Each structure stands twice: as C-alpha cells, then as structure tokens.
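Got two chains here, each in a separate frame; can you build the complex from them with the hints?
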Amino acid sequence: MEEEVKNPDCAEKLPKDAVIRLEEATKVYSLPFGDVVALDRVCIAVMPGEFIAIMGPSGSGKSTLLNLIGSLDVPTSGDLYIDGRDTRALSDDELTELRRDRIGFIFQQFNLIPLLTVLENVEYPMILKSRQAVKGNSRARDLLLKVGLTEQMLAHKPRELSGGQQQRVAIARALINDPAILLCDEPTGNLDQATGRLIMDMLSEVNRRGKTIIMVTHDADIAAYASRTITIVDGKVA
Amino acid sequence: MIFFEISKRNIRLNWLRSLLAVAGIVIGVIAISSMGILGSSLTLSVTDSLSTVGDSVIVIPVVGSPGQNMVTTEARITDRQLQQIIRVVAPNDAVPIYAGADRIEIGPDKTVAALYGIRPEQIPLMVDIADGIVPRSTSGALAGASLADEYDLKTGSRVRVGNETVRITGILEEQGMGFDINPDNALIVSDRWYSAAYDQDNYDQVIVKVRDINDIDAVKLAIERTLNRREDEVTIYDTRMILEMIIETFNQISLFTTAIGGISLLVAGVSIFNVQMMSVTERIKEIGIIRSIGTKRFEVMRMYLYEAFILGLLGSCIGGVLSFAGGYIVVSIMLQDASYLFYPETLFYIPYGMSIGLLVTLISGLYPAWKAANLNPIEALRFE
Numbered sequence: 001m002e003e004e005v006k007n008p009d010c011a012e013k014l015p016k017d018a019v020i021r022l023e024e025a026t027k028v029y030s031l032p033f034g035d036v037v038a039l040d041r042v043c044i045a046v047m048p049g050e051f052i053a054i055m056g057p058s059g060s061g062k063s064t065l066l067n068l069i070g071s072l073d074v075p076t077s078g079d080l081y082i083d084g085r086d087t088r089a090l091s092d093d094e095l096t097e098l099r100r101d102r103i104g105f106i107f108q109q110f111n112l113i114p115l116l117t118v119l120e121n122v123e124y125p126m127i128l129k130s131r132q133a134v135k136g137n138s139r140a141r142d143l144l145l146k147v148g149l150t151e152q153m154l155a156h157k158p159r160e161l162s163g164g165q166q167q168r169v170a171i172a173r174a175l176i177n178d179p180a181i182l183l184c185d186e187p188t189g190n191l192d193q194a195t196g197r198l199i200m201d202m203l204s205e206v207n208r209r210g211k212t213i214i215m216v217t218h219d220a221d222i223a224a225y226a227s228r229t230i231t232i233v234d235g236k237v238a
Numbered sequence: 001m002i003f004f005e006i007s008k009r010n011i012r013l014n015w016l017r018s019l020l021a022v023a024g025i026v027i028g029v030i031a032i033s034s035m036g037i038l039g040s041s042l043t044l045s046v047t048d049s050l051s052t053v054g055d056s057v058i059v060i061p062v063v064g065s066p067g068q069n070m071v072t073t074e075a076r077i078t079d080r081q082l083q084q085i086i087r088v089v090a091p092n093d094a095v096p097i098y099a100g101a102d103r104i105e106i107g108p109d110k111t112v113a114a115l116y117g118i119r120p121e122q123i124p125l126m127v128d129i130a131d132g133i134v135p136r137s138t139s140g141a142l143a144g145a146s147l148a149d150e151y152d153l154k155t156g157s158r159v160r161v162g163n164e165t166v167r168i169t170g171i172l173e174e175q176g177m178g179f180d181i182n183p184d185n186a187l188i189v190s191d192r193w194y195s196a197a198y199d200q201d202n203y204d205q206v207i208v209k210v211r212d213i214n215d216i217d218a219v220k221l222a223i224e225r226t227l228n229r230r231e232d233e234v235t236i237y238d239t240r241m242i243l244e245m246i247i248e249t250f251n252q253i254s255l256f257t258t259a260i261g262g263i264s265l266l267v268a269g270v271s272i273f274n275v276q277m278m279s280v281t282e283r284i285k286e287i288g289i290i291r292s293i294g295t296k297r298f299e300v301m302r303m304y305l306y307e308a309f310i311l312g313l314l315g316s317c318i319g320g321v322l323s324f325a326g327g328y329i330v331v332s333i334m335l336q337d338a339s340y341l342f343y344p345e346t347l348f349y350i351p352y353g354m355s356i357g358l359l360v361t362l363i364s365g366l367y368p369a370w371k372a373a374n375l376n377p378i379e380a381l382r383f384e
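Protein chains in written order, with our numbering: chain A, 1 to 238; chain B, 1 to 384.
So here's chain B without its partners, still in its complex pose (with noise of 0.2 Å):
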C-alpha cells in the first residue's frame, strides 16, 4: 500500500489545507445530516399526534345527494344506507356516529365543544377509556381528555349541554387529532341521547373498522359498488390513503430542507475539488519521477483518489458525530423531544450525510487523479 502511503504523508505535510477541506466537509454531512434528522423527526412527531393507524374507512354523505333536489347541504346517510353498509362490510364492524358541536357549561365555565354520539356498545371501537365506563344510561357521557384537563372534568362531573344535563361516566386517553373523530376537545355521548336532543335520525358520518387491513381495498370497493352504482350518494376514503398523503409531504418536505444542506457540500466538493487540483500542480515533477520508473497511469489515479478518499472519510466521520450532536439540540430545541432522534429512521440519516460526503468527495477528486494520472512524463519531469 505504498500509494496510500504516499497519499496519507501528503495530507501531513499539508496539514492547514487538508484541514480545511476537511472542515468544509465536516459542515456539509452536517448540514444534511441534520436537516434529514429535522425532518424525520418533524415527520415522526406529526405523525405521532395523529391517533388514527389506517384502519379505518370513512363514509360519507355526498353534500347535495340524489333525491335531496340539490337544495340541502344537510346531506346525512340514512337508516337504509347503514344497513346496507352494515351488510356489505361484515364481518367487519360498520359505525354509525353523529357528529356536531353546542355549547357547553361546566360549572361557571361556558365553552363550545365538539360532540359525538355512538351506539354505547361501539365506543370502544372508536376510542379508549383511561379513567371511567362507557355509558350505560342514556344521559351519560364521556369527556376527551384535552376538555376534561382544562375544564378538571372527572368521573361524576355534571355538564349542561343545550338545554340537557349529562353525567360524566368516563374520561378518554388522549387520542391526538384523527380523520374520523378528533375526540379530545369533545363529549361522547350515546346515539340515542343525541338523537333526542337534537331530533336527528340520519347519521353524519359511518365508520368502518377494517380486522385486516389488507381487505382496506376490498370494504371501500364494496360500499362503492352498493351506494354509488347509479349515483354518487357517499362519498369513502380510507384513512390509510389520508396518512400516506401527509407522510409523503412530509418525507418532500424533509427532502428538500436536505437539498439545502445538499449545497454547503457541493461547495465543500468545489474545495476539495481546488485541494486536489493544487497537489497536482505543485506534485507534476514527482508524478513524471513516478511515471518514469514504472508507475502506471491508473496507479497515479488511485494514488489521488486515495488522498480524496482519506479526506472525505475524515470529514465524514467528524461530520457524523458531529451531525448526531447537531440533530440532538435541533430536534430538541424545535420539537421539544430528542427522542425522535434515536428512532432508526431518523438516524439512518447520519450514515446518509457520510455516504453523501464520501461520495462528493471522489467525485471532486475524479478529475484531479485523473489529470495527474495522463501527464506527460516527459514534460513532468522537466518541470521545475
């Protein structure tokens, strides 16, 4: 390895300008690296405070349907509709949910909070209990978390909705906002008091919870073929469709802030690209001394690729701890949360950052090693 040898002593003897390059190499993984590691993690956390898991398929009215003249938006699914929902989906289990919002007094406090009414046997499908039951009588209800924090709802507590009065039965884990329900800000009571209060019959919205999530496709096909065959009368998405859509604007998002990084290692290349170039120069003599005595051309090449090569390992080992430093106090400054850092998909950004700065460095180092390697001999040994 008498090449790299070579290539390693000349980096020592110029030690101030390889340190430099290296240092612009150094910025460079950590601009990238750290920007990955910022989206990732800005990725991760938004899709952590979002409680749905792409379980679920969301039916709902088609605004202005069929047999409604076009006159209404108060487009609801009717009791039919739900049965041939119900029919359609099995074994999987079809919820039927109302979905408003009135005001609210608790005590003193007066506020507007979102309601919900679902057949008391289907809530736990929908949500989680931390504290309580599930109502069992009609003027019960259950207080998401966020209302119950704010407004010290507990167990027992009485709330005025409208002009009704219902019991706080249970409070919710908090859920994080969702596609189907957002129950956190919300009350949930049975279907059967919200349909007395607010002399409603049809429902807002019907939710499917899919067993198998690979039968997602097979349930929205089925309630496509059933409800819309003549007409548009609902309207289906599935939540798993919704999460892959903000996760890839995300994951673009997070792409493009690493493009930026991208460029401080595009100068870092031009650098090392301008090092490199200057050890051919000041190197044409002992390159013709080398050449003359029976080096081959593609030895001269390694001999310079080698001297990139070192240089970009250097800095893109010092990049990366560094970058890991970097993202811990991004991450923790702007989300409030280093642990997102530790997650595999976060940190793959940091081998990412190297890789990249590895990569930029040979390719600026190519032209340089391979000038060297087609020098004249003859002309190199006779410059002075």
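Next comes chain A alone, as it looks inside the complex (with noise of 0.2 Å):
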C-alpha cells in the first residue's frame, strides 16, 4: 500500500456540521489480478436535510461509495465521519448499530424479509433496536398507512404485493426508527415510471420533513428531485 499522502484542503474545507463527511476517502479491493481502486480519494461533505442524486456510469464507484456511506464497508484509507463518528474506529457492532439507529435502506429490488408479514418487515428493525416484541405495533400500522397501504395488507407476504407497494414497505421500514440518513439504491429501479414519480414524490415529502436523502441514480429524471447531484467517473468525483 503506498504512503497516504493527504490532500489538505480536502479536511478543511468540508464544513464541520456536516452529517456524512467523507476526507480522501479510498475503497482499493484486493482481487487475484490486482488491486482494484473503487474509489480514489473521494471528498465529500452531505449537511443535514439534503437530498443529494449520485449519479455515474456503471463501475463508476457509486455503488461502493452508498456501501461506505450506509457503514456497510470502511474506506481503506482516508476517514467517513457520519453523525460525526469516524467509521474506520467503529467495530462491527458498532457499524450495525449506527445502520440500524441511523441510517434507512431503501434498494432497487426492495429487499424485504420473505418469511416475515408485511407489518412484521417493518417492525423488524424497531424490535432490533428496543430488544423486546412490538407486536402490531401502531407505529409500524401508522407508516404503513402513511405510504399507501391498506390495513388488509399489512397481514401479507411481500411476494403478494405489487413491485410498488413493496418499495412502500421498503420505505416504511426505512423510516421507522426514526434515522437521520435515508440511502436509497435506484429506487425507482424495478418501477414503472408512474409508480417511480409516486415513490419519489413520496421521498421529497420525506426530505421536506428533514431527512436527509442520499440516492444513486441512472436516470436524470429521478436525480432532479434531489437538491444536488454528485456525479462519479472512475472513483472520482468529476
């Protein structure tokens, strides 16, 4: 690994406050052919109640860069502070707390628990959090409700919703314990396009509220709801 050379500017002019800093943050992957340098000294600070689109072609790192971000990974060199924590100190432990206290997932291909009910997918983190059962709980109802649902689906298993009313529930379980971050992963990936604009509405209602959005994007349509746009080209902001 060659010596960390680093950019002074890049700590200084990030502002402090920020709720996601990132200071020459690198992602290198060690693969049998080589290292792969995912993300090349990437400086980035998101303030609190930003919707930020990250936008860039395929490979481009953007991937890794909502991976470091939602403290599913830590950069292998360089620092992310998010809530102003220094993610490359955290234990794993740790990691997952802050993601299940912190920070909302919302994927392209909605990612909900198969064997749970549709109320029990978005109690799911609420009971990780509080350690004891919240069985049907209000809140969970309440989100439920909020995004559309109806009270005879909450009994249901995902596969028998649509695609749209899944990325709901996704939604729904992002936001239930409360985090500061939402990460949303295409989101509107696997919709159609009317569905996509009601999911994104429903998202910018989110952000009015004060969440601050992170969302990686291919489609320039969905970026222009965000408040700004990061576009990364071969690990680098561009």
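Careful: at least some of the hints might be erroneous.
Unchecked claim - Just so you have them, the derived chain B footprint on chain A, three or more residues with Cβ under 8 Å:
| no. | segment |
| --- | --- |
| 1 | 94-107 |
| 2 | 118-125 |
| 3 | 161-170 |
Claimed, not checked - A few chain B residues that don't get close to chain A, going by computed Cβ distances all over 12 Å:
| no. | residue |
| --- | --- |
| 4 | 10 |
| 5 | 17 |
| 6 | 27 |
| 7 | 179 |
| 8 | 281 |
| 9 | 298 |
| 10 | 314 |
| 11 | 335 |
| 12 | 374 |
No wet-lab data here; the hints were simulated from the structure.
If you're wondering where the values come from, they're calculated on a predicted model, not measured in any experiment.
Note that CB positions come from ideal geometry on N, CA and C, so glycine has one too.
Encoded structure:
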C-alpha cells in the first residue's frame, strides 16, 4: 500500500457540521489479478436535510460510495464521519448499530424479508433496536397506512404485493427507527414510470420533513428530485 | 422473539427437509436410549439374580498352605484358625462352613447336589427358610428351592445322601447366585452330621457376616493381620468388592452398547449440519438484508441456532417417547421382564438420550450459524 498523502484542502474545506464527511476516502479491493481502486480520495460533505443524487456510469464507484456511507464497509484509507463518528474506528457491532439507528436503506430490489409479513417487516428494525417484541405496533401500522398501504395488506407476505407496494413497505421500514439519513439505491429501478414518480414524491416529502437523502440513480429525471447531484467517474468526484 | 419466529417459519417452509433431519435425531435418540435401557436392565437383572448383598467377608484357605509342605490341594481352615477369626471379628458372626457335593437319591431319582454343613444356630444367618424349620437333630436337612421344586421335596421327605439318609425339615427361599454359598440346588445339613458323614474336622470356608457395612475393611484387615501375619494362610474376599466388579463390568458393557447407539446420532448430526448449511446457502440474500438493516452477527447466529434447537428438541422429544416404547419391547423380549424399565437408573437413559440428541444438534448447527453470521453483508446482498 502506498504511503497515504493527504490533500490538506479536503479536510479543511468540508464543513464540520456535515452529517456525512468523506475525507480523502479511498476504497481498494484486493482481487487475484491485482488491486482495484473503486473510490479514489473522495472528498464529500452532506449537510443535514440535503437530498443528494449520485450519478455516474456503471462501475464508476457509486455503489461502493453508498456502501461506505451506509457503514456496510469502511474506507481502506481516508476518513468517513457519519453523525460525527469516525466509521474506521467502529467495531462491526457498532457499525451495525449505526445502520440500525441512524440510517434507513431503500433498495432497487426492495429487499423485504420473505418469511415475515408486511407489518412484521416494518416492525423488524424496531424490534432490533428496542430488543423487545412490538407485536401489532401502532407506529409501524401508521407508517404503512401513511405510505399508502391498506389495512388488509399488512398481514400479507411481501411477494403477494406489487413492486410499488413493496417499495412503499421498504420506505416504511427505512423510516421506522426515525433515522437521520436515508440511503436509496436506484429506488425506482424496478418500477414503472408512474409508480416511480409516486415513490419519488414520497421521498421528496420525507426529505421536506428533514431527513437527509442520498440516492444512487442512472435516471436524470429521477436525479432532478434531488437538490444536488454528485457525479462519480472512475472512482473520483467529477 | 422475532428470530425464533423466523427460524420457526423457515422450518415450516422447508418442512420435508426438516422432517427428515428430525427423523435422523429421533432414530439416534432411540438408539442411544434403547441401548442404555437394555444395558441398565441387564445390570439390574444380573444384580437381582445375585443373592449377595455385599455384607459378607469370605475367608478361604490358601491352596497348598504352609505346614502342609505344598503337597496337598485339600487345604482347609483349622479350628485354631476359626477361633482366631471369631476372636478378631467379634461382635460380627463368623460362620464356619463345610462344603462339598455328593450323589443323592430322592425316591427313584438320583442326582448330584451340593452339600453345606453349617451349625444349626447359624443357618438363619446364611439362608431364609420358606417353609419348615432349622434341623434340630443331626439327621435333618434343608432343601434348596430349585432342588425341592425339581424333585418335589417337601417337609418330611427323605433323601439318601451317600450312605446316609436325611429328613427334610424345611425348604429354603430362592436365593439366587451367591459368592459365598449357592443353596438353591443344595442340601443344608448340620455341621456335626457333615463332619461325621465325611470324616472331616476342618472347614472349607468361613463366612463373616458384617453387621455394619462400613466395618468390612476393618474386619478384612483384622483377619489379614492375625492369620497372614507371617505367611499367607488364607485368602480374604469381600462380597461388596466382587459385586462392585460385576456391576462395573456390566456398566462398561452398557456404555459400549450406548456408544454404538451414539454412532447413529452422529449420522443424524451430519444430516442436521447438511440441512443447516443448505439453509444458509439458500438464504444468503436474506442474511445480507437483515445484516444491512441492523442485525448483529450474534443475532444472525442466534437465529440459526434456534433453528437447530427446534429440530433437536422436536427430534429428542419424539425420540424420548419412542425410546420408552422401544425400551419396553427390547427389555420384554430380551429379559422377559419389563419391570426393569421402570427403575430410575433405567429411565435415566431416556432424558440422557434426549440431552445427547439436543447437544449433537446444537453442535452440528454451530458451524452453519457461525458461517451465516460472518457472511460479508455487501456480498450477501448482491447474491442472486
């Protein structure tokens, strides 16, 4: 590994009150045929309440960036602060707690737990946090009704719902623990245009209520919902 | 208990696979428990057939003992030695015994029977009389239960022993096999009759009946110090030691048969391992999802261990119930007496088999659970 040479401008330029700060964050994957630099000295700050779209061609490092911000991974070098906490200094359990309490995930494939009902899927992160059963919890129910599901749908399994309905459940699940940050990976990628717009309206509403949203997308129309767009090319901010 | 709920639902979803894994555990538990039940029943049955209760010290002469110039095998305990034994074991009773065998005639029937010559007043110390009384005259005799049964002997019957005739004054209770005397197929006569009939003054053995079982070692030591001080004149056994050796041997047989049963449980463990590994492989994506939304490693591990626990508990409980039925059949067929099954030491093998079944399942589920917990959440999320 090369000696880390920090750009003094990066850390100083980034506002200290940012909810997310990447200071020269680099991610290198060691593969059998050699090291691959997925992210190269990225400097990004995200302020509370921002709605950011991350765009870029396939393989540019968008997903790697989202994984780092989602504390599913840590930078190989450089620093990443979420809510003021240096993720490189956190243990696996602490990173998991960060994901559970401060970050909500919305995936392209919805990624609901197939064995649980719609209501249980939304209750699940809450149970993880509170460490006790919250059967029939009214907050989960309210959230599901608010994102447009009906009472009858709550006892269904995810596979019994349409794609749009599943994504609404995923939004409710992401919001249940009242996180500061929502991470969306192509949230409309598996939906038709009309449903996609409905989901984006919903995310915009969530953002207006103060949640920070970071969304990876290929679609310029979807990126237009964001207040700022960051383009990544070859692992660098373009 | 959301993890328990997820585990339960996954088992239900893959019910056939789970059922087969449970069947493996059931068979394993039955094998271990049944073998244990059989071994324990066998030990109990053998112990039951032994009359000895472990309260006797047996003194027999050393063959070719000193003073006889090592030329004879007809070693016996002399009256002097007997008096020494009586003195050192007091207040316990020392019972001198003549033992031999002779041809006997009961009416037209002829056979060979064991003969014991015992002082009449000491006979109740050695045997229990079912019917009749201890012989008062020298020509009276007590008949062993099996001998009396086979030749239809009753109080008052006459039996010809060698050249003499004795009259049966009582029939003994069935005693079972003993380490001191075996009276079931024997006649017990008075010491004076035996001594006169066979012209024998010295005794074949002396049995010391110890009143307090804790005194056995002290009694043995006292005899040892008195008679074997200079040369080994007598050999001293205590029935407790022999009994313990026999029980130990049977316990080892029992352990061996149980270990054979354990092999089938090992196979069941491999099956659980396989089922759990399949469950991990099939649910990689799901593990990625739950990890990404905040499930800790140990919580994933718990979820998989719950699954193994449910399978193990189900298998062990069904196996436990069937072991009881299986044990009943095996014990009934092999020992012709199912009552041995209901002894606590036999019934113990049912929870024992169940616990081992559960333990094997949990151990088999440990690696798959660990593997699931340590999957990389990013790679797991990408898995299709």
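These are the hints, each one checked on the structure:
no.	hint	in the structure
1	94-107	holds (count 7)
2	118-125	holds (count 4)
3	161-170	violated (count 0)
4	10	violated (6 Å)
5	17	holds (15 Å)
6	27	holds (29 Å)
7	179	holds (65 Å)
8	281	holds (15 Å)
9	298	violated (8 Å)
10	314	holds (19 Å)
11	335	holds (50 Å)
12	374	violated (10 Å)
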